[in-house]
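Protein chains: 2
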Amino acid sequence: MSSPEASIHVLMTDLGARAREASRAMARAGTAEKNRALLELAGVLRAQRESLQQANRVDVDAARQAGLEPAFVDRLQLGDKVLEQMAASCEQVAALPDPIGEMTDLRRRPSGITVGRMRVPLGVFGMIFESRPNVTIEAASLAIKSGNAVILRGGSEAIHSNRALAQCVGRALEQAGLPVDAVQLVPVTDRAAVGELITMPRFVDVIIPRGGKGLIERISAEARVPVIKHLDGNCHVYVDDDVDLDMAVSVTDNAKTQRYSPCNAAESLLVARASAHAFLPRIGAVFAAKGVEMRCCAHSRALLEPVPGAAPLLRDATEQDWDTEYLAPIISIKVVDGVDAAIAHINRHGSQHTDTILTSNHQHAMRFLREVDSAAVMINASTRFSDGFEFGLGAEIGISTDKFHARGPVGLEGLTSQKWVVLGDGQLRR
Amino acid sequence: MSSPEASIHVLMTDLGARAREASRAMARAGTAEKNRALLELAGVLRAQRESLQQANRVDVDAARQAGLEPAFVDRLQLGDKVLEQMAASCEQVAALPDPIGEMTDLRRRPSGITVGRMRVPLGVFGMIFESRPNVTIEAASLAIKSGNAVILRGGSEAIHSNRALAQCVGRALEQAGLPVDAVQLVPVTDRAAVGELITMPRFVDVIIPRGGKGLIERISAEARVPVIKHLDGNCHVYVDDDVDLDMAVSVTDNAKTQRYSPCNAAESLLVARASAHAFLPRIGAVFAAKGVEMRCCAHSRALLEPVPGAAPLLRDATEQDWDTEYLAPIISIKVVDGVDAAIAHINRHGSQHTDTILTSNHQHAMRFLREVDSAAVMINASTRFSDGFEFGLGAEIGISTDKFHARGPVGLEGLTSQKWVVLGDGQLRR
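Same order as they appear, the protein sequences are chains C and B.
With the numbering used here applied, the first sequence covers 1 to 430.
With the numbering used here applied, the second sequence covers 1 to 430.
Just so you know, these hints were derived from the structure itself, not from any lab.
Heads up, some of the hints might be wrong.
[What the hints assert, rightly or not] Calculated pairs, DSS-like style, for lysine-lysine (alpha carbon to alpha carbon, straight line, at most 30 angstroms):
(1) K229/C - K213/C
(2) K229/B - K213/C
(3) K213/C - K290/C
(4) K229/B - K213/B
(5) K213/B - K290/B
(6) K81/C - K213/C
(7) K229/C - K229/B
(8) K213/B - K81/B
(9) K229/C - K213/B
[Claimed, not checked] Have a look at the derived ranges for each label pair, beta carbon to beta carbon:
(10) E102/C - R109/B: 15 to 25 angstroms
(11) H362/B - E413/C: 26 to 36 angstroms
(12) G394/B - L68/C: 53 to 63 angstroms
(13) Q65/B - M366/C: 56 to 66 angstroms
[Stated by the list, open to error] Footprint (simulated), chain B over chain C, 3 or more residues, beta carbon under 8 angstroms:
(14) 231 to 242
(15) 412 to 420
Remember, it's a predicted structure, so these values are computed and weren't measured experimentally.
Note that beta-carbon positions come from the ideal geometry of N, C-alpha and C, so glycine has one too.
Turn these sequences into a full structure, and let the hints guide you.
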């Protein structure tokens with residue numbers, strides 16, 4: 001029992017047992033204590049800026065020496081601005097309403113008992129993430145507010161930064177009289193630790209992975225506990241046959257080009273046959289000016305060829321294009337017969353993330369809303385709005401492309417459950 | 001590719017693809033069509049009584065010849081009364097409100113978009129059950145009402161009955177203009193079919209097993225899709241130090257003895273030290289009269305020994321007793337210091353199903369309600385109330401002892417999800 005696997009097992013079991021124990025105290029904690037911990041954490045982050053940046057420098061230097069990409073090194077860095085944002089976000093989470101303990105739907109039943117529901121924490125969640133060390137503070141602050149315990153497993157490249165940040169969290173918890181074990185960082189970088197974390201249903205209630213599709217697929221395949229997972233964001237804009245063309249051009253432009261890398265950016269444009277002639281040349285001119293590559297069906301290509309500057313950016317779409325999340329200045333474009341064909345295409349090729357219809361037709365709008373089977377379905381709005389902050393959640397721990405439990409942007413509520421409560425005065429079942 | 005496993009794979013993939021396809025039409029179906037299918041089904045079940053009983057006789061005869069237990073054969077039988085109950089339950093489900101399409105929480109955001117949620121079906125669920133053929137109709141009717149498709153896998157002993165019932169469902173769906181594939185029965189009894197059913201995330205969104213703990217544990221371990229599962233019901237009654245003794249005796253009696261086999265029957269009695277002297281002899285007399293075996297801690301045993309008729313029913317409890325669901329005229333009994341010890345004992349030994357406190361102390365009642373981490377937590381009411389019908393769900397597809405998605409009794413809402421809807425008039429993300 002002294003193999004590395006065995007000792008990782010012992011380590012993770014211990015972490016898990018302590019998290020479960022701490023989760024009970026967190027579930028009992030009052031709003032004032034939880035908010036105090038969050039405000040203390042903001043203070044500690046500001047006070048410890050220099051020592052945090054010192055720890056961070058070890059990771060950043062190692063990443064540079066290892067020849068990692070500049071964008072990666074950039075995400076790793078805890079500059080003054082990033083640290084201040086982290087502190088401010090703790091204050092914002094403190095200002096959110098406390099979801100825990102709320103009782104709803106209380107109803108008197110014929111038997112005389114009163115039945116309702118009480119919102120309670122899930123218990124313990126495991127957060128697995130890649131390079132960004134700010135996820136340590138995001139996950140910690142949401143765990144504290146929602147009365148859960150969390151086990152954090154960050155990328156090995158950020159281990160020194162994450163350790164220093166986790167120490168700050170521990171100090172804040174202590175100062176607020178909450179258990180330090182409510183937020184624990186897996187202290188080792190062995191891969192086997194992830195394998196343990198996702199297969200301890202006794203200690204961990206749900207896993208939230210953040211990172212590339214490969215990581216998330218692997219975790220989902222191997223986990224023995226529920227996973228709140230976000231895979232592709234193959235988001236569609238459908239321009240209907242009856243539509244305000246100015247609005248359609250500006251929303252389509254915004255959905256595709258406002259930023260290319262977020263998961264809620266549009267990747268595919270469907271245009272009703274009746275609108276194609278008037279709409280495609282206009283949006284084609286916008287895309288041409290911005291250098292957006294257009295992967296077209298034959299019909300859309302024919303309409304886009306004459307657009308000045310467009311020709312070098314046009315490609316013939318393959319079947320695979322309809323299924324692809326580019327996260328880049330590329331969009332697939334298809335002319336469809338109308339709303340029925342658009343809904344069918346999206347339900348077949350989409351990733352159940354976010355899709356929007358641009359239309360003036362009420363019946364089409366409502367059918368699209370009801371029948372498109374995605375986490376977020378929109379009428380006359382940019383897919384880029386699909387976001388916890390824009391939706392008013394106040395915080396976002398992730399986005400779920402599943403239907404079970406939480407769907408779409410996941411805020412504090414996704415880290416909670418509802419139990420049944422029954423208030424009686426001696427009722428018996430007959 | 002002509003091995004039995006390969007052909008089962010082909011069969012199940014075909015079933016899954018057809019269920020997924022049918023689920024889209026079910027999601028679009030209106031309340032009137034769905035209710036019509038349910039009322040047609042009630043009619044078909046009554047009209048086909050004789051042919052259903054003929055098919056059922058094949059299963060019953062085979063079960064008797066195989067020497068299966070009388071209780072098993074009893075559950076298998078489709079007598080006149082059982083069939084009438086099945087038909088009536090379809091009418092009851094038709095009378096329930098349709099959860100699908102309801103939009104809630106619509107709020108205007110600072111960006112100008114209106115954000116809310118719409119209740120939608122989960123898609124396809126798989127129902128795996130043992131002997132009772134009436135589950136075929138229960139699951140079918142709840143699938144129809146909630147706009148889902150279902151794949152049913154019943155016990156091999158009921159295959160002729162289930163096939164005949166599934167035919168009735170198909171006829172009702174057809175008459176209502178809904179897709180026949182919305183309710184499909186796995187037509188073969190091979191075990192490999194279950195293995196396929198629980199590992200097709202492309203086609204199946206959630207699995208609901210009903211049956212013994214062994215079956216449910218095996219399915220949970222092997223499933224690659226979420227499982228709404230119900231394991232133990234180790235339910236507790238805690239009698240507090242400040243309590244109306246008459247009420248405590250009658251509720252404890254009801255929780256334990258009203259029926260022994262349901263999962264919401266009490267299995268363990270905790271008594272506050274201050275109440276033990278007055279309470280235990282009284283409940284001991286009730287249990288003695290009803291022949292309930294009492295597995296006691298030393299303190300409770302000492303108080304129960306003098307109760308007339310109790311002595312032959314007293315045993316010393318072992319550690320294992322605190323974790324055991326007896327489903328029989330047996331109860332474990334422990335004297336505890338007070339509400340803190342009771343909560344700690346329940347959170348350690350309970351099965352997170354249903355637990356009740358009997359008390360006159362408001363602070364203790366509220367602490368118990370908040371801190372006991374179970375699906376249903378009660379004050380001054382019998383654990384036997386933990387039931388979808390008693391809670392007002394109108395129907396029950398199962399009971400969940402998990403916290404994720406659905407907790408406790410699961411009605412139509414547990415078969416649904418909420419998607420985000422965004423209503424705009426051309427808003428752009430800045």
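- Message: Check whether the Cα positions of K229/B and K213/B lie no farther apart than 30 angstroms.
- Response: holds, 10 angstroms
- Message: Taking 26 to 36 angstroms as the stated bounds, is the beta-carbon spacing between H362/B and E413/C within them?
- Response: The hint (26 to 36 angstroms, Cβ to Cβ) holds, given that H362/B and E413/C are roughly 28 angstroms apart.
- Could one say that the CB atoms of Q65/B and M366/C fall in the range 56 to 66 angstroms? holds, 57 angstroms
- Message: Just to be sure I understand the hint, the distance between the Cβ atoms of E102/C and R109/B should be within 15 to 25 angstroms; is that true here?
- Response: holds, 22 angstroms
- Task: Evaluate the given range 53 to 63 angstroms for the C-beta pair formed by G394/B and L68/C.
- Result: About 57 angstroms separates the Cβ atoms of G394/B and L68/C, which means 53 to 63 angstroms holds.
- Are at least 3 residues of the stretch 412 to 420 of chain C within less than 8 angstroms of chain B when you compare beta carbons? holds (count 4)
- Query: Does K290/B lie within 30 angstroms of K213/B when you go C-alpha to C-alpha?
  - Reply: Satisfied, since the Cα-Cα distance of roughly 28 angstroms is no more than 30 angstroms.
- Restraint status (C-alpha distance of K213/C to K290/C at most 30 angstroms): Since the Cα atoms of K213/C and K290/C sit roughly 28 angstroms apart, the hinted pair holds (cutoff 30 angstroms).
- Message: Need the status of pair K229/C, K213/B: alpha-carbon distance at most 30 angstroms?
- Response: OK: K229/C and K213/B at ~28 angstroms, within 30 angstroms.
- Compare the distance between the alpha carbons of K229/C and K229/B with 30 angstroms, and conclude whether the hinted pair is satisfied. Roughly 21 angstroms between the alpha carbons, so the hint for K229/C and K229/B holds.
- Query: For the pair supplied as a hint, K229/C and K213/C, is the alpha-carbon distance within the 30 angstroms limit?
  - Reply: With Cα atoms ~10 angstroms apart, K229/C and K213/C stay inside 30 angstroms; holds.
- Verify the proposed pairing of K81/C with K213/C, using a straight-line Cα cut of 30 angstroms. Holds: K81/C and K213/C sit about 29 angstroms apart, inside 30 angstroms.
The earlier numbered hint that this structure contradicts is number 14, and it is the only one.
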